[in-house]
Amino acid sequence: MKYAIEMRNVSKRFTTAAGTEVVAVDNVTLEILDGEFFSLLGPSGCGKTTSLRMIAGFELPTAGEIYIHGKPMDATPPNKRPVNTVFQNYALFPHMTIGQNVAFGLEMERLPRAEITRRVGEALELVRLSGYENRKPHQLSGGQQQRVALARALVKRPEVLLLDEPLGALDLKLRKEMQLELKKLQREVGITFVYVTHDQEEALTMSDRIAVMNGGRVLQVGTAAEIYERPVNRFVADFIGETNFLKGTVVMATDEPDRYLVRLEGGAMLMASCEHPLQPGQQVVVAIRPEKMHLNGSRRFGPYADNHVHIPGRVQEIVYIGTDTHYDVALEAGPIVRVREQNSGVFSPRLALLGEAVSVSFDAAVARILVD
Amino acid sequence: MAAEFVSTGSRRRGFWLMLPSLLWMLGLLIIPLGLVLVVSFGRRDTDGNVIYTFTLDNYLRLIGFSRTYPCGSTPPPCFDPLYLTILWRSIVLGLQTTLLTILIGYPLAYFIARAPASRRNVYLFLVLVPLWTNFVIRLYAWIIILRTQGVLNTVLGWLAGLVNLPFQPLEMLYTPGAVLLGMVYEFLPFMILPIYTSLEKINPSLYEAAADLGANTWRTLWRVIIPLSMPGIVAGTILVFVPVMGTFIVSDILGGRQVILVGNLIQRQFLDARDPAFGSAASIILMVLTLAITLYYTRRFGFGEEITSA
Ligand SMILES: Nc1ncnc2c1ncn2[C@@H]1O[C@H](COP(=O)(O)OP(=O)(O)O)[C@@H](O)[C@H]1O
Ligand SMILES: [Mg+2]
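Keeping their order, the protein sequence lines are chains A and B.
Its first residue numbered 1, the first sequence is counted upward by one per residue in this note's numbering.
Its first residue numbered 1, the second sequence is counted upward by one per residue in this note's numbering.
In case anyone wonders, no lab produced these hints; they're calculated from the structure.
C-beta atoms are modelled at their ideal positions from N, C-alpha and C, and glycine is treated no differently.
A portion of the hints provided could be inaccurate.
From chain A, some residues computed to sit far from chain B (all C-beta separations above 10 Å) [stated by the list, open to error]:
id, residue
1, P112
2, L185
3, N214
Derived BS3-like pairs: lysine-lysine, alpha-carbon spacing no greater than 30 Å straight-line [stated by the list, open to error]:
id, chain 1, residue 1, chain 2, residue 2
4, A, K80, A, K173
5, B, K201, A, K80
6, A, K247, A, K80
7, A, K176, A, K80
8, A, K136, B, K201
9, A, K183, A, K80
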């Protein structure tokens, strides 16, 4: 198995102007496969940019080692690394035309003029900006500048392309378009993309694999489905999509491995899985996605099975959003959970009335026990 | 209605706000300049008073054709390139000073702009500190350093003594070199500050983008940073070249009688030779020359052309 990028126990500490020490990246170990679309996802300030900048060579790790295609980078300067960056603010050279911007990297390699011209043309064609060679960056829209930045990096044919929130400055519609376009482009050129974003939806839709970061650490690495369906802790479950958290206490371990009997606040009992070993009496949270919960009221009773858990509550809010309707239900034990019912019928009526006493139910198999 | 009222009101207020500077320009620039122009076409009588006529004699004399004054021992009309030499010397010195201040000032400005934010203000402060001491006093300090028995010669003599070399004190003061040194020393801050300002405006990620695309420090400088700081270089050039062309104090103090510039020529016509008409003509020529060179230069390199950094 060949890794495009390996980070081995990489840490980065900064000393701020005030003299305090910030741990921006904390003992991160990552293996990014050749040719994959890999995202670093996490809230602002979690160390995504710093990680990317260490791969690019703009920052050197305080500890640990970074390998690009197996070669240790040590203190290799950015201009000697086989990676290129698409900067968040594009960082196009304002005094150069689009053509000159894209040609810059090839001129630095001292390639023959004819080859430069040909490759610049190809790169601009790839991002659908042929004919814009003689414009200046400020004459282009945000989305076009974004594509120039992409062409300028891709024209170098890097082994790895690093992208730091490249769509951050675009409006929503353009963002969605560019997401698809980027993904398509990545498949076409087959280059490894390391993509930084704080937008979980963006990461889920584009990535082959995602690393979820918080506080300088990598919490979980996996495919979109793995991270969504099997979050390892409360932070990941909360950050990726919506999750209902129910407090509970471990009653006992079952005969099956990794499965425990848990008593929820309010008394309901359920059997759910957890990869961590748990002790009877331990406080845990049980996470269930809103779309995996059902609403049972006077107008409809949800699917029923023996292993379904039912919890009584009262409808507090109903929000119709077209594809789904959200029901916020205040459970008798205290917490408010959200149930998401799909509007798949010809005309989807409300399943309950505001203020109505209902129960929410879910298949115990979809519940995950989280320790922290 | 309301909008119209506001806009007329603010236009009127704009006029009143501009009035002081308009009066200032009129009283201290346009009128005196007009007077100088009028006087430059006049003639001097034997007592040193100006006779207001219209003659081009002063201008002709400046470019070498003297109709009323002898050229050395040759009686007029005669040809004397003295003033042309002075003009030429001033231009060359102005260009040399500008070039040297760019060569010295650019690295300094670059160093300051790339320093950590907390230290930049200290460096800028150090650039400005000399300006707090009087100009003339600082030039006298250079006399102490440069003269035959001065600091520099003493140190050099001592060093030569250490290695048993014969040492002849160097004649440094009252040479064109001393004047150039004084000019560079005097005007360096006026080059550093505008260059610093334009360097500081450059988006720091452009340095990284250049490095990312394979440029080393030098090529980043040549291809990206220097072109983007051209507005600062142009502004600095004007701030240095224009006053160097006109000043007479540096050449007076460090050049003695050896290095005479247009500034000295004009000063002497007004104070010593008591020929304001000729002095005025020299002033006008100086102004036109300076303006022509600056205009050519700004046309060539663009003046403060704002390049919006993406
Ligand atoms: N040059 C720096 N000096 C001091 N602190 C920094 C520096 N760069 C980043 N940090 C700090 O490191 C942490 C991680 O920053 P960053 O990698 O930019 O996060 P992200 O890109 O995930 O938003 C933040 O707390 C930030 O303030
Ligand atoms: Mg960031």
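Quick rundown of the hints versus the structure:
1. Once the 10 Å rule is applied to beta carbons, P112(A) is consistent with being away from chain B; the minimum gap is 16 Å.
2. Every CB of chain B lies more than 10 Å from the CB of L185(A), the least distance being 19 Å, so the non-interface label holds.
3. With a least beta-carbon separation of about 26 Å from chain B, N214(A) lies farther than 10 Å from that chain, consistent with its non-interface assignment.
4. As the CA atoms of K80(A) and K173(A) are separated by approximately 37 Å, the hinted pair breaks the 30 Å bound.
5. Only pairs whose Cα atoms come within 30 Å are accepted, and K201(B) paired with K80(A) is accepted, the gap being roughly 27 Å.
6. The straight-line distance between the Cα atoms of K247(A) and K80(A) is roughly 52 Å, outside the 30 Å bound, and the hint therefore fails.
7. Taking the CA atoms of K176(A) and K80(A), the gap is about 34 Å. The hint is violated against a cut of 30 Å.
8. For the hint pairing K136(A) with K201(B), the CA-to-CA distance comes to about 19 Å; that is within 30 Å, so the pair holds.
9. For the proposed pair K183(A) and K80(A), the alpha carbon gap of about 27 Å is at most 30 Å, so the pair holds.
Of the numbered hints stated above, those contradicted by the structure are hints 4, 6, 7, listed in ascending order.
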